[in-house]
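Read off the chains here:
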Amino acid sequence: MSKDISIKSGANLALTGVASKEIEIAKHSSTFAIYPDDLFSLIPRMMVKEGDKIKVGTPIFHDKNDEKIIVVSPVSGIVKSIERGEKRKILKVVIDKDGNEKIGYEINEKLTKEKIISLLLESGLWSYIRQRPYNIIARTDKMPKAIFVSTHSTAPYDVDYDFIIKERLDDFQNGVNVMSKIISKPITLTTTANKESIFLNLNNLEIINIKGKHPSGNVSFQINRINPINRGEYVWVINPEDMANIGSFFRTGNFNPTRTIAVSGSSVKNPKYYKTLIGSKISSIIPDSAINNFKGNRYINGDPLTGCKVNSDGYIGYYNNILSVIEEGDKYRMFGWLPFKDNHVPSFSRTSFSWLLSKNKKFNTNLNGEERALVVTGEMEKFFPMDIYPMQLLKACMMQDIEKMELLGIYEVIPEDFGLIDYSNTSKIEAQEIIKDGIQLMLKEVG
Amino acid sequence: MNFIRKNLDRIKKPFEKGGKLEKFYPAFNAFETFLFVPNHTTKSGSHIRDAVDLKRTMVTVIIALIPALLYGIYNTGYQYFIQIGLDFTFLDAFLHGLYKILPMIVVSYVVGLSVEFGFAVYRGHSVNEGYLVTGLLIPMIMPVDMPLWMLAISVIFAVLIGKEAFGGTGMNILNPALTARAFAFFAYPTYMSGDKVWVSEASNIDAVSGETILGSLAAGQNIDYSSMQMFWGSIPGSVAETSTLFVLIGAAILLYTGVASWRIMLSSIIGASLVGYLFNLWGANELMSFDWYNHLIIGGFAFGIVFMATDPVSAAQTQRGKWIYGFLIGGLCILIRVFNPAYPEGVMLAILLMNVFAPTIDHYVIQSNINKRKKRWEKLKVKTI
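Just so you know, the sequences run in chain order A and B.
Position 75 of the first sequence, counted from 1, bears residue number 80 in the working numbering, the numbering being contiguous throughout.
Position 285 of the second sequence, counted from 1, bears residue number 1119 in the working numbering, the numbering being contiguous throughout.
Treat each hint with caution, since some may be false.
Listed below are the simulated BS3-like cross-link pairs for lysine-lysine, each with C-alpha atoms no more than 25 Å apart in a straight line [unchecked claim]: (1) K280/A / K107/A; (2) K877/B / K92/A; (3) K277/A / K364/A; (4) K409/A / K1206/B; (5) K300/A / K877/B.
Because the hints were derived from the structure by calculation, they are not lab data.
Bear in mind that the values here come from a model prediction, so they are computed numbers and not experimental data.
Please work from the sequences and hints to get the whole structure.
Okay, here's the thing in structure tokens:
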């Protein structure tokens, strides 16, 4: 049984450099790294020292606020370095790969809810469950009212989950079976409407077909329509590949850090999918020679709207399935602000003829203007298909007015939902940053 | 281009951090970004950005104003020559208009931008583009014979009290251009109404009948302009407000580009038509029985709702609020015209009044959204903060 819903308004960004549907096994990376910053609001406390020998699944650090939340190593080897920044903040933990030793867990046939939770926590897989509100790692003292998995992807360069899960469908099903025991009801899985999906015939799922442009692939908008979050309610969100990894763990007893990466972007010579491990070195997947005009590019862990900037000698992030490489835009454009001039710069606005030009467009990282006070109204709502006033919520966050933030719906949004608003707003407001700060304030003041 | 860029980079040095002229960086920056879209790349948030920015948006409004401005320049000359009864060509009329109006535009921009640049340097923020539009709007809505010093004072008042006192572009409650006009209207009433101000140099010529249509109606006189003339705009009035046709061309540009809100324009027209129609049914005096559709094409109504009511900063900000806001502007405009003969031009006061009430309208629209959420929570017996 499946249900259809349609999420109106929004827009798809068509970028050149979408990964073609071929998968390649990436070269083995010799070093791996975890960036604690990928885990929103987690404050790491190291559990290993430099030089320690570790296995696949050895805890590396835990959350300062909740020791039960741990992050484990994706490979066996030696802790090479723990890089720190200002105020001794841990920037990344680098591991030299060596051997293939694994920590194994005994999985009983009869899994109870409590046993599942304790195994998820011990194995570190818990850190792949993200909780709404706030998009933090699920709190261990709060149970969710629903678990969402979205395979409806609309973000630029977003992966085709049917394509990457296709060969791991059994693991995925196993993950679903295990996780649904926690909430004693089916997992909510969303698919793209009018598209053949490999997930339709699986069990323990409540399948909802979503019709809509970006950002309808963002889980927030789906939850808002299907099962909106109220104060004091929690929803868990799991990435489809992590669900398969969870299934694999409960089948084998070993942590399986598989990560399929869609290497995309206008600067990539041959954009396609690579199968690798969480934390792999980027250059092991795409060497510099696979990139056009190697110097002037930006590497992004994630999609260009919401991802996180990373150096070309950096590592794959904790959660992302996309690695985007696009051109830096550090060039001047003379009189580029004149309407209908420079139509090669993509724009949703009708002050440009960009919509007449080819459908797939090449983007760069130029800000295309300067930050200004909020002047134009009504433009954010076009890219925010939710019963929430985005500009008013942003203003409440800027004012740090917690009561207003709550009433205007802060529980239902996360920074990535404002990606298109970041992209399209005339005043070049950093909406995602504002929401991130707002959420951090909520976490501190309300919890 | 490279040559200009290189020289600009050379001149830029002393304005940068630690340089001698660091304080004046905002002023330099305004000129630099006028020539070039800067090479700034995204630092946080989305890595890619749309080509649209505030400069482009504001310049689109200026482009939309140009048809009405050009016609206004011509009409200024036209009104002058037909009143003194001389033969004239299109060029004569246009040049006379240019001779009168160009100085007004220059004064408005020079005075207004000086204040803006001063504030930008004083506050250390970049110069906002908002004044590019305001500075052109102000001379377009003034009577043509207004002394330039009055114009300058109105501009200063509008920028200082109307805008900067509230924190600059984006924070003002009233539309700055209308603030300038309202200031002039109440400070120098003899220059802003009557039958001697709407036609160029009318005060030097005897026997001019240069009263606006609304003025004549308010005085209970008949008018001898046809609807076609009102629509074309060959009638006396503020510089660029008279031609509904050319205002509509501007409106088409604004609506196509999506820069102005169609909701506000449409609801204003609905509001004005409805109230105008009701008065037609009543018909107790000249103004009441003035055809409702003619109300839409005379005075500043068209210009006001296309270019002033749609100012996003002073208008209602929520989509539903915009409907209410526009409707009330249209309705109030006709109401003021009919009931208050001292202020025959109702659209200015209607817009200013609704500017003041726009935040209240938004408040109730947003409150209804909040109440919906609260209700959902109440069902679940959730406590709020």
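Tested hints:
no., hint, result
1, K280/A / K107/A, "holds, 20 Å"
2, K877/B / K92/A, "holds, 22 Å"
3, K277/A / K364/A, "holds, 20 Å"
4, K409/A / K1206/B, "holds, 14 Å"
5, K300/A / K877/B, "holds, 18 Å"
In this structure, every one of the numbered hints holds.
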